Every structure is written in structure tokens, then in C-alpha cells.
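Undergrad: These protein sequence lines are chains A and B, in that order.
So for the first sequence, my numbering puts the first residue at 3; every next one is plus one.
So for the second sequence, my numbering puts the first residue at 63; every next one is plus one.
Since the hints were derived computationally from the structure, they do not count as laboratory data.
Some hints here could point you the wrong way.
What the hints assert, rightly or not - The list that follows gives simulated cross-link-like pairs (lysine to aspartate or glutamate, EDC-like), each with its CA atoms no further than 20 Å apart: (1) K350(B) - E229(A); (2) K144(A) - E229(A); (3) K144(A) - E331(B); (4) K350(B) - E314(A); (5) K169(B) - D228(A); (6) K175(B) - D228(A); (7) K169(B) - E314(A).
The model shown is predicted, which means the values in this text are computed figures rather than measured ones.
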Amino acid sequence: MRVLIAAVIGLVLSAAVIAATGYQPVDAYRAMFSEALGSVESLAGVLGAATPLLLLALGFTVAFKAGLFNIGGEGQFVMGAVGAALLGHAGRALPAIALIPLVIAGGMVTGAAWAALAALMKAKRNVHEVVSTIMLNWVALKLSTYLINTVYGPMHDPASQSPQSLPIGSNAVLPTLFARTDLHAGVFLALLMVPAVAWLLSRSVLGFEIRAVGKNRFAARTYGIDEGRVLLRAMAVSGALAGLAGAMELMGVSAYAGALKPDFAAGRGFDGITIALMGGGGPLGILAASLFLGALRLGAIGMETLTGVPKELSFIVQGILILAVMTPVLADYLRGFRKSRPSASPDAAPPPVVPPS
Amino acid sequence: MKLLVTILASTMSLSAPLILAAMGGILSERSGVVIIALEGMMLGGAFAAIAFGSTGGVLAGLFAALIVGALLGLLHAAATQKMRIGAIVSGVAINILASGFTGYLSKVPSIPKEAEGPSIWNIPVLCNIPVLGDVLFRQSPFTYFAWITVAAMSFFLWRTPWGLRVTAAGENPEAVKAAGINVVRLRFGAVMAAGMLAALGGAQLSLGLVQNFTDNMTAGRGFIALAAIVFGRWRPGGALIACVFFAFADALQSGLQLVPGIGNKVPSELLAMLPYVATLVALVFFSKQVQAPAATGDTGD
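Build the full structure now, drawing on both the sequences and the hints.
TA: Laid out in C-alpha cells, this is it:
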């Protein structure tokens with residue numbers, strides 16, 4: 003409910019922006035909706051666009067539950083693709099059954115390592131993760147552009163005139179499920195991660211420790227939880243999910259054809275944050291929010307092609323959405339309407355009692 | 063030698079945006095409001111300065127940047143103090159909003175993307191000193207202004223009643239409230255002023271340095287300014303040193319690309335990493351002992 007109202011606020015304010023810049027809001031929104039939801043093909047496209055966003059949001063959530071604000075999804079996504087491209091090319095002779103897990107592992111491990119750097123700096127040297135992950139994003143961006151540079155890039159494909167990496171073995175290229183869309187077989191693995199992350203956070207020992215540290219790191223420490231180790235693991239899982247998103251994008255999206263190309267991340271690391279906040283930290287909410295943002299992005303591209311309204315409008319909607327969704331004031335206001343149903347969020351529950359180990 | 067002078071002179075001009083943003087950041091964080099929104103505020107200022115500077119001249123550009131900065135500050139203050147949104151969440155949202163707005167507006171055909179910047183001020187007599195004159199006294203007025211801001215901010219924070227109240231609001235808001243001062247209003251002022259300073263930093267980046275606007279041209283500088291605040295322990299003088307250091311890393315990487323023995327051997331992308339890596343290394347060395355103002359992150363009531 004709150005999210006829907008936030009979305010309406012976002013779209014209404016953006017309509018004002020469209021009108022103020024001399025375009026037709028009605029035409030623009032009509033184009034946006036029909037491009038995102040108008041046909042089976044566009045719905046498949048939305049699911050394809052949502053696939054990496056879902057993984058990035060799940061990754062952000064794991065770190066967030068431990069009290070870490072990981073804005074490094076962008077860098078971890080790109081580095082995951084770099085690791086996947088490296089292993090995918092090195093093992094190109096392998097059969098699919100061995101190569102696909104290898105490429106996925108390459109993405110997850112490099113993504114996890116990139117995120118772990120920030121966690122290490124946090125645990126050992128008290129470096130705030132918001133600044134360190136942003137810096138690591140820029141380093142990852144420059145590093146990946148270097149690796150695929152046409153002249154001296156060590157990963158550049160000599161058969162190509164433009165900057166792109168050597169392609170991964172064709173055995174690891176995932177089939178497209180719906181022609182002319184980005185929907186590929188990786189969507190199943192991404193969907194599988196929804197219950198997996200839910201299990202990790204609510205049922206596993208690590209998930210328990212993550213939540214304990216996130217609720218109150220001092221109390222967790224008192225109960226004998228090694229805070230630094232938990233932060234490191236939470237961040238590594240977070241980065242592994244972002245890296246997985248990068249690997250699967252590389253493996254499945256036909257425009258890449260298994261090779262790393264410039265502008266790979268394109269701001270999607272930040273979309274993961276929006277989705278996680280919109281989804282309220284719950285896996286199902288995250289799934290719904292990733293479909294919504296996938297539709298918004300895809301619709302905005304269609305809107306720009308059809309009506310000329312710049313697709314960056316979707317970022318304006320996104321910024322307003324974050325503010326609207328995260329306002330407890332809005333929630334209070336809504337609660338006033340629905341007094342019959344007290345909405346106690348699970349996050350408001352008291353922290354669990356931790357037995358001393 | 064000539065290269066060294068060039069690198070040092072551009073260290074000075076590249077430090078100005080960082081210094082202005084860092085001074086704004088200190089003001090906001092000292093008042094108790096974490097401000098990772100600096101990046102978006104710089105970007106908004108950079109865009110407004112060009113969009114309005116192209117038709118109205120430098121002063122109109124600066125004025126527009128100040129307004130945009132104040133509005134973004136107002137939004138951040140309202141979000142954290144009135145709407146009870148976490149300061150980091152609000153900051154991320156403002157950064158995305160600024161990137162979205164500037165990206166959107168720069169694609170609207172009727173909005174200009176280039177403008178003439180202010181001319182270099184050669185300080186009489188002093189600019190003729192060898193080396194030093196070229197480095198320090200042939201600069202854009204922005205650069206001189208940024209340096210004056212450091213002294214002004216020091217004076218404001220430690221020598222004026224308002225400044226002391228701002229600092230107190232960040233350390234012990236309850237005590238300030240008990241003294242009958244409106245902490246929320248104080249923070250609104252501090253965050254809006256912070257937005258204006260950061261936006262001026264952005265204006266120096268676009269109008270002062272390159273005379274045009276490109277998408278996301280701040281490239282993490284708001285966060286580098288934030289790192290400079292940590293490094294300088296929330297003190298204007300300390301942050302100044304850090305800003306000059308980071309600007310030097312930036313000037314060095316672009317300077318080295320011009321050196322025949324280096325520019326054609328070391329890939330430009332690796333050189334371009336220098337400012338970011340320098341920031342990380344500096345944070346690793348200097349974050350351990352620092353203590354942020356006690357009440358940062360606390361929201362309004």
C-alpha cells in the first residue's frame with residue numbers, strides 16, 4: 003500500500019517535470035506503460051531486466067541486515083563479470099556441465115572478494131563502507147575499461163575493433179527464453195536465490211548472527227559474536243550475489259554474447275538499493291519491487307524512443323520513490339486511515355535473546 | 063619543471079571544488095546531519111551553473127547554483143529532520159535524484175550545455191614570483207574563494223555564537239534544546255548552507271574548469287570530499303590538507319598522461335584510478351582513530 007502510494011507520488015511529480023520541459027506527460031506515460039506492460043514480449047523483457055536487479059537487491063539486503071550500507075553493488079557487479087569472463091574464456095574447451103558452474107563461481111568469487119575489501123577496511127580500520135564502496139566502484143569501472151581496451155587491454159579480443167573482452171566458451175552462453183528480449187535461462191537461478199536468501203537470513207546461523215549484529219553490534223559482541231567476522235561474511239555474500247548478477251548478465255544477455263563490453267553496469271548497482279528499500283527487506287517484496295523497477299527502466303527506454311522524453315526520467319521517479327517509501331511520516335499517515343489493522347513491521351520486534359556461547 | 067608547475071597549478075584549481083564541498087560537509091556533519099548527498103549537490107550546482115551561466119553570464123550561473131544547492135539542502139534537512147528518513151538513505155536518494163534531473167535536463171534540446179566561465183585572476187605583483195606565482199596567484203576566482211572559505215569556516219565554527227551552537231547541536235542536541243535553541247532550525251540552516259557550498263564546488267567544476275556539463279561529471283568527488291572530512295577529523299584546516307592531497311593525485315594522473323615516458327607506457331585507465339586509490343589508502347591510514355560528531359545520524363526529534 004505504502005509502496006503503491008509512493009509510486010503514484012513519484013509518477014505524478016515526474017509528470018510535472020515532463021510537462022515543465024515541454025513534453026506531453028499523457029503521451030509519455032502511455033508510451034511507457036505500453037512498452038513495459040503492453041504485450042507478452044514486453045512482459046518477458048521486464049522479467050529479463052529484473053533478473054540482475056533482483057540479485058543486486060538481495061545482495062544489498064544481506065549486508066543491510068548486518069547494518070552495512072553497501073553502495074558498491076555497481077563495482078561488485080562489474081568485477082563479477084570480469085571474473086566470469088576470465089574463467090569462462092580460460093575454460094572454453096570444457097563441456098557445459100563444468101563450464102557453467104565455473105563461470106558462475108568466477109563471478110561470485112570476484113564479486114565477493116571486491117566487497118570483502120570494503121568489509122576488511124571497515125572491520126580493521128574503521129573505514130565507513132559508504133565511502134569505500136563508492137571508491138571501489140570507480141576503481142572497478144576504470145579497471146574493467148583498462149582490461150578490455152583495444153590497444154593494450156590484457157583481456158581484449160583481438161578479433162574485435164571495439165573494446166570488448168575475449169568471449170566466454172559458447173557452452174556457457176545461456177539460451178534466450180523469449181526472442182528479442184533479455185530474458186534468459188539465468189532467471190531461474192535468480193528466482194531460486196529468493197528463497198535461498200530468505201533461508202540464509204531467517205534460518206541459518208550466519209543469518210542469525212547477521213541480524214544480531216545489525217540490530218545491536220555491541221550487544222552481539224557481548225554475547226560472543228565475532229562482529230568483524232560477521233561483517234566480512236555478510237559483505238562477501240552481498241558481493242557474491244552482485245557478482246552472480248554480473249556473471250549471468252554476461253552469460254545470458256544476447257547483446258553481450260559472452261563478452262564484457264563498456265558501460266556494462268550502467269547504474270544498475272544503485273537500482274538494487276532502491277529495490278531493497280522498496281521491498282522492505284522481505285524477499286517477496288524485493289521480487290515485486292525488482293519487477294516494478296525493471297518495468298520502469300524498460301518503459302523509460304521505450305518512452306524515449308517513441309516520444310523523445312529522456313529516459314533519465316526513470317531516475318527522477320526512483321529518487322522520489324526512495325524518499326516516499328522511506329518516510330515513516332507517510333506510514334503514520336496511512337495508519338491513520340486504517341486504524342483497525344495495526345501494522346507492526348517485523349523490524350520493530352525486539353532483538354532476539356542470544357544465548358551466550 | 064614546466065610539467066611540475068602545471069601539475070601544481072592544476073592541483074590548486076582541482077582542489078577548489080573539493081574544498082568547497084568539504085567545508086559544506088563539515089558544517090552539516092558538525093550540526094549532526096550526515097551528508098553523503100554532497101555528490102548530488104555538486105552535480106546539481108555544476109548543471110545549474112552552466113544552464114544559467116550560458117545566457118545570464120557567470121553571476122547568473124553562480125546564483126542558480128546557489129539556489130539549487132539550497133533547495134537540495136532543504137530537501138535533505140526536511141527528509142532527515144521532519145520526515146524522519148535516515149540520513150544515508152536520504153543522501154542516496156538525493157544523489158540519484160540529482161543524477162536523474164541533470165541527466166534528463168541535459169537531454170532537453172533547448173537547455174544549453176556550454177557556458178563561458180570566469181576569467182583567471184592574476185594577482186598583481188604576486189603573480190610574477192617565479193613558480194609560486196604561476197601556482198598560487200594565477201587562478202580562477204573560485205579557487206581564491208575556496209581558500210577564503212576555509213578560514214571563514216574555522217572562524218565561524220570556533221569564534222561565533224552560531225558556530226558554537228552548530229557544533230553543540232552535533233555533539234549534544236539535548237543540551238542545546240535545553241538551552242532554548244531550536245536544534246531543527248539550526249540544522250536546516252547548516253544543511254542548506256552546506257548544499258550551497260557544495261553546489262558552488264560543482265559550479266567550479268563545470269563553469270570554472272571545463273565550461274561545459276557532462277553527465278555525472280562529479281565522478282565521486284562529493285565522496286572524496288567526504289573522505290577529506292574524515293581524514294581532517296571534521297576540522298576545516300585538516301580537510302583542506304586532505305583536499306589538496308586528493309587534488310594532487312588527480313592533477314598528477316592527468317599530468318603524467320602527458321609525459322612521453324609514462325603517458326604512452328602506463329595505461330590511462332590505471333592512472334585515472336589514482337585519486338580513488340589515494341582516497342582509499344588515506345582512509346585506511348586515518349580512519350582508525352577518528353571520532354565523528356557524537357550526534358551525527360540522529361534525526362530531528
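Undergrad: Could you run down the list of hints and mark each one as holding or not?
TA: Consistency of the hints with the structure:
1. K350(B) - E229(A): Measuring from Cα to Cα gives roughly 16 Å; hence the hint holds.
2. K144(A) - E229(A): Violated - the C-alpha atoms of E229(A) and K144(A) are around 32 Å apart, more than 20 Å.
3. K144(A) - E331(B): Roughly 5 Å between the alpha carbons, so the hint for K144(A) and E331(B) holds.
4. K350(B) - E314(A): Outside the cut-off at roughly 39 Å; violated.
5. K169(B) - D228(A): Violated, at about 50 Å.
6. K175(B) - D228(A): Roughly 52 Å between the alpha carbons, so the hint for K175(B) and D228(A) is violated.
7. K169(B) - E314(A): Since the Cα atoms of K169(B) and E314(A) sit roughly 9 Å apart, the hinted pair holds (cutoff 20 Å).
Consistency with the previously given hints fails for numbers 2, 4, 5 and 6, ordered from lowest to highest.
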